[in-house]
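Trainee: What follows is each chain in one-letter form.
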Amino acid sequence: MKLLFAEDTQDLNHAVTTVLEYQGYDVTSVFDGQEALDALKKESYDVVVLDIMMPQVDGITVLKTMREHAILTPVLLLTAKSEVDDRVAGLDAGADDYLAKPFSMKELAARIRSMVRRSQYESETDLQKGNVTLHANDYSLSAANSVRLSHKEFELMRTLMMHEFMNTQYLLEQVWPDEPAQEDTVKLYLSYLKRKLASIGADIEIAAEGGRIFIREESDG
Amino acid sequence: MQRFMERIDACRHQMKERLGMDPVEHCLCRIKSEESMREKCRRKGLPETCDSALKEIHDAIGIRVVCAFLDDVYTIRDNLAQWQDAKIVTEKDYIKNVKPNGYRSYHMILQADNGYYVEIQLRTISMDTWAALEHHLKYKKQYKGNQELIVSELKRCADELASTDLSMQTLRDLIFEENEAGS
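Quick note, the sequences are listed as chains A and B, same order. Heads up, this note's numbering is the position in the first sequence plus 713, with the first residue counted as 1. Heads up, this note's numbering is the position in the second sequence plus 183, with the first residue counted as 1.
Be careful, since some hints might not be right.
Claimed, not checked - Taking lysine-lysine pairs in the BS3-like style, the calculated list, with each CA pair at most 27 angstroms apart, reads:
1) 279/B to 842/A
2) 865/A to 338/B
3) 279/B to 338/B
4) 755/A to 777/A
5) 323/B to 223/B
6) 338/B to 327/B
7) 900/A to 227/B
8) 227/B to 238/B
9) 865/A to 327/B
10) 282/B to 321/B
11) 777/A to 794/A
12) 907/A to 865/A
13) 338/B to 842/A
14) 907/A to 321/B
15) 755/A to 842/A
16) 282/B to 323/B
17) 777/A to 754/A
18) 327/B to 842/A
19) 238/B to 223/B
20) 270/B to 238/B
21) 270/B to 227/B
22) 279/B to 907/A
23) 865/A to 819/A
24) 338/B to 907/A
25) 223/B to 907/A
26) 842/A to 715/A
To be clear, the hints were calculated from the coordinates, so they are not data collected in a lab.
Kindly produce the complete structure, drawing on both the sequences and the hints.
Mentor: This is the structure we're talking about:
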């Protein structure tokens, strides 16, 4: 797990780097924002921890630059300033989390773990319900047989498997957030998935009752 | 075999009238070559006569019915099941039970009332396309490249084609449902 750590205070930088390396991270330490940007150009990281107040280029600017270049790596901001407005500015700039100084190493480590867990969960984890597995790496849906799903079918299936009760409006917002789709689209894609679940010999089905949409397992009453 | 073909044609006609669509894309039939039949008779220790061949060997006559839509495969199957002149000896659904390599089709062996056996394969156009390529690979002399890669990629394509077949069927149902509701 590769981690980029940017902090201009030497002692703090060394201390944190040592602890994180001990925890098993492959740490690249830099002392200002420009070095951080250079490092990001050269390699890709799994986690980035940035101090806000740094010479050359500050943490927020590094973060904004990352997001502008569609680098979605989770970022945790360290801030000596603990004003609400500063925290809001950092989070809105694209940070996933922040930690105010002085902080405990234990908490920093836990927050990093939490970010990593979330990002892995989204991209790499296969989901399972009943005898059905939704494979994240190849968009396939399998039980007794398997079929491949399209991008939107995959997103819809994933949303269905991750939540309890939903309605079409919610699914529309989750799966088609930026495109002009309507309730009809959601209904059609649910039909696709229903048929595909049946074809693979699934023991779960997509149920819709009184406006609520959910996954029903055959074992349920 | 003639009669079987006629039966299938009758079924197609019926469905065409009802739905305005011919359920069958195309229908091929073949009879095994004489040489191949003799060889098989010999292997099974049967007399090499026309009669024994057709009455003992199940795949002397083969018919392949290719449909555009998935449900039509089952419609034809049901139609043949109801036919008085022939009975189903065995049937295997490789659509509900896909073969590990990705192969999908519906196989039936029917016996006509004169004792002759006929092997029938029912499948969709995409299943047919896939099977043709896979067959070529299997029976061609030693493919020199990365065998594993080809096999896994063929499986992927089979699963993608199956997914498209299912989507198309869903769309057809939607279109016909809308039409019925509107009329």
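Trainee: Does each hint fit the structure? Answer for all of them.
Mentor: Results for each hint:
1. 279/B to 842/A: 20 angstroms, holds
2. 865/A to 338/B: Given that 27 angstroms is the threshold and the Cα spacing comes to 22 angstroms, the pair holds.
3. 279/B to 338/B: 15 angstroms, holds
4. 755/A to 777/A: 18 angstroms, holds
5. 323/B to 223/B: Judged against 27 angstroms, a Cα distance of about 22 angstroms means the pair holds.
6. 338/B to 327/B: 19 angstroms, holds
7. 900/A to 227/B: 56 angstroms, violated
8. 227/B to 238/B: 13 angstroms, holds
9. 865/A to 327/B: Not satisfied, since the Cα-Cα distance of roughly 38 angstroms exceeds 27 angstroms.
10. 282/B to 321/B: Holds: residue 282/B and residue 321/B sit about 15 angstroms apart, inside 27 angstroms.
11. 777/A to 794/A: This hinted pair holds, its Cα atoms lying about 19 angstroms apart.
12. 907/A to 865/A: Given pair residue 907/A, residue 865/A holds - Cα atoms ~14 angstroms apart, limit 27 angstroms.
13. 338/B to 842/A: With Cα atoms ~24 angstroms apart, residue 338/B and residue 842/A stay inside 27 angstroms; holds.
14. 907/A to 321/B: Roughly 34 angstroms separates the two Cα atoms, so the pair is violated.
15. 755/A to 842/A: 40 angstroms, violated
16. 282/B to 323/B: 20 angstroms, holds
17. 777/A to 754/A: 14 angstroms, holds
18. 327/B to 842/A: 41 angstroms, violated
19. 238/B to 223/B: 13 angstroms, holds
20. 270/B to 238/B: Holds - the C-alpha atoms of residue 238/B and residue 270/B are around 14 angstroms apart, at most 27 angstroms.
21. 270/B to 227/B: 24 angstroms, holds
22. 279/B to 907/A: 15 angstroms, holds
23. 865/A to 819/A: Cα-Cα ~40 angstroms, so violated.
24. 338/B to 907/A: OK: residue 338/B and residue 907/A at ~22 angstroms, within 27 angstroms.
25. 223/B to 907/A: 45 angstroms, violated
26. 842/A to 715/A: 32 angstroms, violated
In summary, the structure is inconsistent with hints 7, 9, 14, 15, 18, 23, 25 and 26 from the numbered list given earlier, while agreeing with the others.
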